[in-house]
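Peer 1: Residue numbers (the working numbering), protein chains in the order written: chain A, 11 to 446; chain B, 11 to 446; chain C, 11 to 446.
Quick caveat, the hints were computed from the structure, so don't treat them as lab data. Treat the hints with care, since some could be wrong.
Just so you know, same-sequence chains aren't split out, so a pair can sit in one copy or run between any two.
Mimicking DSS-like on lysine-lysine, the simulated pairs with C-alpha atoms at most 25 Å apart in a straight line are [stated by the list, open to error]:
hint, residue 1, residue 2
1, Lys187, Lys370
2, Lys374, Lys143
3, Lys41, Lys370
4, Lys180, Lys21
5, Lys374, Lys41
6, Lys21, Lys187
7, Lys187, Lys144
Because the structure is a prediction, the values reported are computed rather than measured.
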Amino acid sequence: MSVDERIHDRKFVRSFFTTPTAVEGEEDTGKMLRQAAGLRGMEAPDVWVPDNEDATAPNMRDEGARNIVDVLTEHGAGFPGEVHPRVVWHRDSPGTRYQGFRHMLEMTDPESGAPEHLDGFVIPEVGDIDDWKKADEFFTIVENENGLEEGSLKMSVIIESGAAELAMGKLREEIGKPTNNLQRMFLLVDGEVDYTKDLRAITPTGELPAWAELRHNTSRGASAAGLIAVDGPYDDIRDIEGYHERMTDNQARGMLGIWSLTPGQVVEANTSPLPPATGYWTIDADGREVELTSEDGVEVYDGDRVELEELGEDRYELEVGSDEREVTGEELRSELLDLVSYVPSMDDIVDSMEEFEAAKEAGKGAIAMTQAATVRVDGVEVEVSRDRMWDEATYQALQTPITLFQDVYENRPDQHDDLADLYGAEVVERATEIGQ
Amino acid sequence: MSVDERIHDRKFVRSFFTTPTAVEGEEDTGKMLRQAAGLRGMEAPDVWVPDNEDATAPNMRDEGARNIVDVLTEHGAGFPGEVHPRVVWHRDSPGTRYQGFRHMLEMTDPESGAPEHLDGFVIPEVGDIDDWKKADEFFTIVENENGLEEGSLKMSVIIESGAAELAMGKLREEIGKPTNNLQRMFLLVDGEVDYTKDLRAITPTGELPAWAELRHNTSRGASAAGLIAVDGPYDDIRDIEGYHERMTDNQARGMLGIWSLTPGQVVEANTSPLPPATGYWTIDADGREVELTSEDGVEVYDGDRVELEELGEDRYELEVGSDEREVTGEELRSELLDLVSYVPSMDDIVDSMEEFEAAKEAGKGAIAMTQAATVRVDGVEVEVSRDRMWDEATYQALQTPITLFQDVYENRPDQHDDLADLYGAEVVERATEIGQ
Amino acid sequence: MSVDERIHDRKFVRSFFTTPTAVEGEEDTGKMLRQAAGLRGMEAPDVWVPDNEDATAPNMRDEGARNIVDVLTEHGAGFPGEVHPRVVWHRDSPGTRYQGFRHMLEMTDPESGAPEHLDGFVIPEVGDIDDWKKADEFFTIVENENGLEEGSLKMSVIIESGAAELAMGKLREEIGKPTNNLQRMFLLVDGEVDYTKDLRAITPTGELPAWAELRHNTSRGASAAGLIAVDGPYDDIRDIEGYHERMTDNQARGMLGIWSLTPGQVVEANTSPLPPATGYWTIDADGREVELTSEDGVEVYDGDRVELEELGEDRYELEVGSDEREVTGEELRSELLDLVSYVPSMDDIVDSMEEFEAAKEAGKGAIAMTQAATVRVDGVEVEVSRDRMWDEATYQALQTPITLFQDVYENRPDQHDDLADLYGAEVVERATEIGQ
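With the sequences and hints as input, model every part of the structure.
Peer 2: Next comes the structure, spelled out in structure tokens:
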């Protein structure tokens, strides 16, 4: 098996949800853990992370580890996602590393019922690849001491230092070496707050930098080593639109998962990488992407950033922002075609894939897929149409959202109802079968 | 010789043109190859790639290999560019790799006249550096079996996986090791469709992501290993403007070549990195770069995104987009100077280089080059002028388009007439001599 | 000590100021050096670089080396920054490397008083990591010959080739190996003019590309190896605004230092990464960040890119660019909140840090920091308010400008007066004590 094939059960992780493990002041310090363990369906994350590091006060972490054991023993069987507690670790602190090791030992002790619901651990603050190997060695010792199969505990890391970013480029050649068990690697998760500190970046408002290159390198590192890339937390939990924009940007980089701080963010994270239930057209309105309204089969723009007027026979005035042009009907169709795009629905994607598969069976290597619409701006209607050639490579590149859907469908039966509600049972059935 | 000096004949490649090798249904399945072999002048690419991989149906590839042999034997002598067939290869499929190897053996068999017109092969779907070495070893065996000099066949690869992207960072230290012949490396070509699949990226419309970091890393990898960087295919062949914007963006990254799917795209790709025949001024009109019209020595902006009015003595109102300011004449000159830029012609560049060379001979290390113009907006004329210091480093950095021109002139005599038509014989002559 | 902790005296370098070492035609060819040696306070750079490479004509460089010795002997004791002459070096030219070596030997000869004022050397045009080791070896020989402690001379390099960019990714694993003294490494300085040449990039106007990825990789390399990242020269010395924008962009990447070509640029570079003396609000006015004017506690926008009108009870019309919306008061507050940001002053940052430290002492791991303002647009006033959660990680990430300030305060007593003038003595005192 090639190192760049994902070897664990989950090939995709959409949501990575952290919960404090012990909160002082409550009678039951593990109350938040208990609540999170009860999440189901779209509110339940693909990966749940009882967070015994930053989200939990340092003096509460021993109790946090015990809470994890209790809650998993009691509620672990019913939880629909994977469970990966975050333990403490720091590349520059042997004391912290030893504390994390002891917590890992404790949580996997076969005396409790926790280990069978535990999928792995998340290691924060890793440094260079030799530091990753130290963590891996602790996993191996923990597995050995507690009678678990060597390599069975998955290891995920938080990338929050320049050294760790560079380590991702070396991972492929280190996995599989005889003296480690790095095949256990699962998620590469960016941690932008600490990364900002480590790179000593400054912004005027204190806002986090976008760190586009880090996210690229994480996604690339995941691809080269058969792992899954996950973006860090989005702090402003009221800002749903901002969270969506970040996810869209991530997805275009191949980073399909993101951290979630609340069950509300989990819902968004679980839904965002899936195709929409209904396709729609958008227009680039002077630099802003605006969704057109579908009215009786006509796609209508009713904003002010694009204006259109019919001047006379085959003469039109098109104004985009403050840019005014007189054009013929032919030119108008061409201009509008450059401005509008179609966002296909799940149904559309499945249709196109079926069409291509049929063509391939009939011996064709490439076919043209047509997208056409009537667009209306200021009452003027224009027909636009675009062909796109599909060959095997296009088919495979566009298959990703379907493969993700199938991974979700297989691993998250608790979301079947939600998916059927969203797409309809027939689309869901076709989507689970296509391209297998 | 240093590894980062380009050791092959061509130091630059502008265009990389692929042609299907065998199309079912035609009496002559190699008809497209025959047509492409007849291209000359600006329509003929720097590198022609008979594509025995994705562009050709899997069941036609054995016939495709034979077609390549036939067409090269017959027409190879007259083809003005280099010829690098793409064979099949996949990092995860030994069967595919062996098929590619057999096709390479066949095409270089001295029984036909093909080998003398064959410059190398293009290997798609490579993985990490050890995978590149496997391909290199097949080249070596092929050379040995068919009596070619070891290392004489050039190897180009398509970067379409995260592993291959990382491999580019290791190439410099691998080239020259005793157990490989990686000095044969020639082009690093991005393949964004399969790369998108490999990184599992999703965009709402199915459009390809821009992959800016990949292109940077490819250009950097080429620089560090003495190779040439080429961007992948631009699918929308009707969209000339989009193709140009992509090339301009690539060129600012040091990626001067691009894939071409049609002879029309080849013309664009061959022309784009060369300086224009006539210089011109542009203005940043509220975020859009607009070319000014030259009228009797005055550079005129006649759009609506910048507006200018004389209010009274030394008072002007300048409006950029929806941004309105009252300014003095002095401020106006300074504001406009920030907005306008000059795009020098081939003639201008040669002039400046000659001027700097003369200054250097006279013992000066740096001189100021002045760009000045009269700009007219809404009838108001403003004089703008800018000095730029040129020293040895500036000279060398700005020399790239001239060095590229000289490489084209030396290697593509079939384009001499086109270049003379474009620039005039005198400019061409000076451009071929400067800085040598 | 971990390799990624900065081991030299200066943990931050804001300004890197180059001076020609010998100018022909003057009676005293070292006049510019003598002038630069007299700089004090904000006009004096953190690192002064007598430039015996590109800024000095090739035939003047032997004399330049002697001038450096003379000027340092005479004026070195009073210079408030560190002194790092740039010597000649080239990865492809052994002759150039030997010349640089001889100049280093000469400048550190204990016969003069120069060595005690010399902190290190800057090596331009380095190639891959083995080339860096050659330079390091020359430092070691120079130290040995001239009785300096091994490793005491700091080495900085100019990153101006693809090979050097890749070398930064290997530095961490090379530092500390027994056969080098690379612990002497200090600054990683981008050199975009020669880098543009090395990557063979072309822009239509001859302007330098932005090289965002290079700057990211330099900042990351510095972080991973405990070094300091510095950006290259900004040629257009009249364009203060452009210089500032570049620095702001750099700072968001963790690159806090920049090259300066004039004492005026030094002042800007020394000031830019420090927090402002007075906080202020900005608004995203249709894609442009505009500072609001504070009038009697109300933050006023008086441009034309955002317009606001009260239509009736709880109804408003908000127009951003050409985008018009009717909103309720609640929606208006939410929309405006998305548009405005607060840039905290030094005083604000120290306040927040003190508040967080007090909360931590009281046993709280996280507290909410509130930013609130009354914003006025077209006479309509709107209250906006935003909470941000601070935990330990936030605190540490936002601490960078303060740590930088403390580094400046400790190492640059000549700037104490300027800092007191800027911030007031009380703020300066609190800022020097917080978080230590």
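Peer 1: Are the hints correct? Go through all of them and say.
Peer 2: Going through the hints against the structure:
In this homomeric assembly, Lys187 and Lys370 never come within 25 Å of each other (Cα to Cα): the closest approach is 41 Å inside a single copy and 44 Å across copies. Taking the shortest alpha-carbon separations for Lys374 and Lys143, neither the intra-copy value of 49 Å nor the inter-copy value of 34 Å comes in at or below 25 Å. When the C-alpha separation of Lys41 and Lys370 is checked against a cutoff of 25 Å, the pair qualifies only between copies, where the shortest distance is 23 Å, while the shortest distance within a copy is 55 Å. For a Cα distance limit of 25 Å, the shortest separation of Lys180 from Lys21 inside one copy, 21 Å, qualifies, whereas the shortest one across copies, 28 Å, does not.
Proximity of Lys374 to Lys41 under the C-alpha cut-off of 25 Å is restricted to the inter-copy arrangement: shortest distance 18 Å between copies versus 59 Å within a copy. Taking identical chains as interchangeable, the C-alpha atoms of Lys21 and Lys187 lie at most 25 Å apart only when both belong to the same chain, with a minimum of 23 Å there against 38 Å between chains. For a Cα distance limit of 25 Å, the shortest separation of Lys187 from Lys144 qualifies both inside one copy, at 14 Å, and across copies, at 20 Å.
Of the numbered hints given earlier, the model fails hints 1 and 2; all others are met.
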